[in-house]
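Please model the entire structure based on the sequences and the hints provided.
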Amino acid sequence: MATISVTLKVWRQKSRNDSGRFETYFAKDINTEMSFLEMLDVVNENLIREGKEPIAFEHDCREGICGSCGLYVNGRAHGPLKGTTICQVHMRSFKDGETIYVEPWRAKAFPIIKDLIVDRSAFDRIIQAGGFISVDTGSAVEANSIPIPKAIADLAFEAATCIGCGACVAACKNASAMLFVSAKVTHLALLPQGQAERYRRVIKMVEQMDAEGFGNCSNTGACEAECPKSISLTNIARLNREYLAARLVPRQYDN
Amino acid sequence: MSTIAKTAVFSTSIGKKLVMALTGIFLITFLIVHLSGNLLLLKGDNGEAFNAYARFMETSPLIRILELILAVGFLFHIVMGIRLALENRRARPIRYQVNKATENSTFYSRFMVWSGITVLFFLLLHLWNFFFQHRFLGLGAKETMYETVVRTFKEPIYSIVYIIAMVFLAFHLNHGFQSALQSSGLQINTNLGKRIKSIGMLFSIVICAGFTAIPLYFLIFT
Chain P
1 MATISVTLKV
11 WRQKSRNDSG
21 RFETYFAKDI
31 NTEMSFLEML
41 DVVNENLIRE
51 GKEPIAFEHD
61 CREGICGSCG
71 LYVNGRAHGP
81 LKGTTICQVH
91 MRSFKDGETI
101 YVEPWRAKAF
111 PIIKDLIVDR
121 SAFDRIIQAG
131 GFISVDTGSA
141 VEANSIPIPK
151 AIADLAFEAA
161 TCIGCGACVA
171 ACKNASAMLF
181 VSAKVTHLAL
191 LPQGQAERYR
201 RVIKMVEQMD
211 AEGFGNCSNT
221 GACEAECPKS
231 ISLTNIARLN
241 REYLAARLVP
251 RQYDN
Chain U
1001 MSTIAKTAVF
1011 STSIGKKLVM
1021 ALTGIFLITF
1031 LIVHLSGNLL
1041 LLKGDNGEAF
1051 NAYARFMETS
1061 PLIRILELIL
1071 AVGFLFHIVM
1081 GIRLALENRR
1091 ARPIRYQVNK
1101 ATENSTFYSR
1111 FMVWSGITVL
1121 FFLLLHLWNF
1131 FFQHRFLGLG
1141 AKETMYETVV
1151 RTFKEPIYSI
1161 VYIIAMVFLA
1171 FHLNHGFQSA
1181 LQSSGLQINT
1191 NLGKRIKSIG
1201 MLFSIVICAG
1211 FTAIPLYFLI
1221 FT
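So the sequence lines, in the order shown, correspond to chains P and U.
Position one of the first sequence corresponds to residue 1 (my numbering), numbered consecutively onward.
Position one of the second sequence corresponds to residue 1001 (my numbering), numbered consecutively onward.
Honestly, I wouldn't trust all of these hints.
[Said to hold, decoys possible] Partial list, computed: chain U residues near chain P (C-beta under 7 angstroms): (1) V1009; (2) S1013; (3) L1084; (4) N1088; (5) N1099.
The set of hints was computed from the structure by calculation and includes no laboratory data.
Where a beta carbon is used, it is the ideal one built from N, C-alpha and C, also for glycine.
Rendered as structure tokens:
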């Protein structure tokens, strides 16, 4: 069983108002089959044993599907692997003796709560602004009663795989939330169920995105490259199109 | 006009990017016109054709109007570009200690503000040399535009500055071309998009090479 030892430079910040600083920790004899978060668990166990405050980081499923975890590891959102959340990155991706910088998502719209945990409720407010559909109550409709072309269903599904982790914001040099918003808008705008609020939705969600203080998209593609679900940049073009159509194309109705 | 929206469309992030895209595409069309006219300098006729072209540009009322539209286009592109860049900086008040941006994006895309500002400084110098002095300071009465070109490009310093600025312009165009189309809603990450990226890169090289050929020609052959 291979083991490695690494030096961690971890961002520690007591509270939202604390200025924060990097602290150095040594993780000795770490099993390379451990996930990055399990390595942090080991470090935290030692800190607790020493009577020190453990490193606060967010996590839930540890299967790469919930979107809770998110760390900026050695200059990359979710660490060095493509299409992977940090909970699914294992210590075999690091070298023995390596120094690993662990930082929280950095964005004005994601204020730090503690250490590596950021407040991502800006995403919740964007969803509340328009990321929903109206469905009649009662028994579920037969699944195939609304025909949806396979290609459309696939595109909507790919967009729907967004787990809302915020890596797109973290990786973007402008801290823009366009990939997240575009995935949510695409997911609903492509499907028949999403048509009722189609234009209202995109207008409201973009306005909320701007109000939260995210930056503007400059089409660098960093979001797509770092997204653990590999959400495509084509969604951002679609968001631009949906938004500009909603605002600039005259319609006889206003929904 | 939608009654849902609370913000004017060109005050939203997507609206502002559309302004950048549309003015950018407009400025690209200007570059094509500008280069095609300037290539007359390479005709080897001691500037006869180029001077005729310069006279037309100076006297035609249509060009006077287009000149104003062009100035407005530049102004919007520059002011909006700087405004967006400042907003983007504010969106991340605390920067990363370690950030490997080279792993996820191209140099050109991250360098847009700086390549833009470099081209802006060059633009001011360029306007002073070939526009203000002729139009407003009576240089036009003393020498033809061709003579001004020859005199200016004989200065190696100016020629070098000019060529460096054209390289920065190519950097700017390489990302700007595809970015403008993506901001307008055209998907750059598809097969069509890949072709658009190639066209953008080819275009930026052609513009850079075309404009660079002129000072090189005067440095080497005169």
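Outcome of the hint check:
| no. | hint | result |
| --- | --- | --- |
| 1 | V1009 | 4 angstroms, holds |
| 2 | S1013 | 5 angstroms, holds |
| 3 | L1084 | 5 angstroms, holds |
| 4 | N1088 | 4 angstroms, holds |
| 5 | N1099 | 5 angstroms, holds |
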